[in-house]
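J.: Each chain, written out:
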Amino acid sequence: MIADTLRKLGDRVDGRGGVRLGTERAKRWSLSLLGLVLFLGGWEAVTRGFGLNPQYYPGPTDVYRELSRIWEPILTVLPNTLEAAGVGFVVALVLSIAVAIPLVASDRLGNALMPFVIGVNTVPRIAVTPLVIYWVGFDIGPFDSVGLAAANYVMAVWVAFFPMLIAAIDGFRSIDETTENMLIVYGARTWQEFRYVRLQRALPFIFDGMKTGFILAMIGTVVGEFVSGTPGIGAMASSVIRRTAVGRAIAIVLVLGLISTAVVFLIYLVESRVVHWRESSIVGEG
Amino acid sequence: MSNETAEPTTTSTDSGEEAMISFSGVDKIYGTDATEETVTALQDIDLDVDAGEFVSVVGPSGCGKTTLLHLAAGILEPTDGTVTIDGIDVQGAEHDRSEVGLVFQQPVALEWRTVKKNLLLPVQILKQNGAIDESMDYYRERADELLELVGLEGFEDAYPNELSGGMQQRVTISQALIYDPSVLLMDEPFGSLDAMTKDELNLELLRIWDETEKTVLFITHDLNEAVFLSDRVIVLSPRPGRVADEIEIDLPRPRTGETRSRDRFVELSTEVHQHFKHQR
Ligand SMILES: Nc1ncnc2c1ncn2[C@@H]1O[C@H](COP(=O)(O)OP(=O)(O)O)[C@@H](O)[C@H]1O
Ligand SMILES: [Mg+2]
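Chains as they are written, first to last, in our numbering: chain A, 304 to 589; chain B, 95 to 374.
In case anyone wonders, no lab produced these hints; they're calculated from the structure.
Warning: the hint list may mix true and false statements.
Said to hold, decoys possible - Covered, in the sense of this in silico footprint (three residues per stretch, anywhere, with C-beta under 8 Å from a C-beta of chain A), are these stretches of chain B:
1) 146-152
2) 159-170
3) 188-199
4) 217-227
What the hints assert, rightly or not - Per label pair, the in silico range of CB-to-CB distance:
5) B:T134 - A:I421: 48 to 56 Å
6) A:L416 - B:Q200: 32 to 40 Å
7) B:E250 - A:G422: 46 to 54 Å
What the hints assert, rightly or not - Quick partial rundown of chain A residues pointing at chain B, CB under 7 Å, derived from the structure:
8) I469
9) T481
10) N484
11) M485
12) V488
13) Y489
14) A491
15) T493
16) P507
Just so we're clear, the structure is a prediction, and the values are computed from it rather than from any experiment.
Ideal placement from N, C-alpha and C gives every residue a C-beta, glycine not left out.
Next comes chain A alone, as it looks inside the complex (with noise of 0.2 Å):
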């Protein structure tokens, strides 16, 4: 009699209202569409009408006359950068991860090295470039140096590790106190802990750590090759910008931009499957 009163009730929140949030998003996607075709036509148009050199300043007509001219060449050296940035992220994931756990579940540890982390996290990364190569890719001892390019990885790690780990820090500490309590009422281990509860109230926070975290890897692994010259996305830039071509670097900056959105778009994706209980957001928190 209690599951009819309750069934009376009715208060079982369903999914209704589907179709309508499909013509929204409809709605959505061609305004956006519209602001895209707005600005590139701005942009045009300003070039044209004030007669800019378009070798300083190009048009997008321009810009997309380099990106064929140049479209091959690309594809020839995109693999290392992506691979570089690629495995970088995966390992700085998988390191973020591995270090957060222990971090959190050990007060002494967590005070001890907190404050560690947060400083790395704020020097600027990028700066230190030059070292990274120099340490990584040169041949000074005491190990043999693996390459030039090995330093592409490193700085793809390096780069996207630290926000990531604090990202994942924060998602491991983010339980709530009766749900603690709740653990402590059935006497539950912190391995339990961990594997029942705070891993999964962990996920959206790695999940959006990710999202910054493959953009910073990209930027790590392309700055890499600007500064070492190994064949890449970066070092390509680099050759372009000395030569003042700035139509092609505004065509390489935009294959940079589009790899990493379509990326970035692909971890939301794959959130929103892992993570069905919450909705998943595109932008990832810094």
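For this one, chain A is given, so just place chain B with the ligands on it according to the hints.
T.: Frame of chain A, contents of chain B with the ligands only:
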């Protein structure tokens, strides 16, 4: 279970060893760091609850009811004194977690687990830690029975955010019952429910208590609910919380909807209300 035999004296505070839940000389002071401002939540609590007894604690909000319950659950450590369950200090390693179930004031269901998986969470943990022996299949079946009992059949595979607050509270109650603890601690479990559902769940709770011979420590701010359910009502004074009075509820069992209209019910309820006014 028979309450006639469970009432050897008018007050059971002196029954010593046989008490199922026992507070002796318990103080709880929050914020004992020198820098913080301290709050004495509970002072000089001596309280025994016998095995199979149903005791309610009432008192104005902020008088330390939740604190009292969390001390019994081992969530909080007393600043002074000891709390034992079945003679064992709840702060000690000997304390058997599977003996105590706590129904929290707020729903505790984990949002990524279905209702049924939420019910089985304590079972998984207790089983991994060797605190319970029954097979997982046994508990799965028991989960189905409990869901039917609290009126949630058909919602096994629903997620908590698909349920109303009242329904989530039922999940919390079933979660505390699934491993069949002998002590049930309940923190205003029906506080968020409408009067009709509350009355129904009260009867259901008494039926479960009667069948399973559990010891219940029940917190409420609803004085009539306390009188209706209990063998004994403990009145806490406002800060610092002390035992201001205890009232023996000698209404016959089993209690039914009709109990509330008895003269004796009205008398006892008035007595508790009266006492409450003196507290303020
Ligand atoms: N963690 C805490 N730190 C400091 N003071 C607290 C804490 N928890 C509760 N209190 C205080 O202790 C008193 C009793 O709280 P509580 O046990 O929650 O009361 P009740 O459940 O009767 O409303 C209140 O004055 C409250 O403000
Ligand atoms: Mg309370």
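J.: Each hint needs a verdict: does it hold in this structure or not?
T.: Tested hints:
no.	hint	in the structure
1	146-152	violated (count 0)
2	159-170	holds (count 4)
3	188-199	holds (count 5)
4	217-227	holds (count 6)
5	B:T134 - A:I421: 48 to 56 Å	37 Å, violated
6	A:L416 - B:Q200: 32 to 40 Å	33 Å, holds
7	B:E250 - A:G422: 46 to 54 Å	49 Å, holds
8	I469	23 Å, violated
9	T481	5 Å, holds
10	N484	5 Å, holds
11	M485	5 Å, holds
12	V488	5 Å, holds
13	Y489	5 Å, holds
14	A491	5 Å, holds
15	T493	12 Å, violated
16	P507	11 Å, violated
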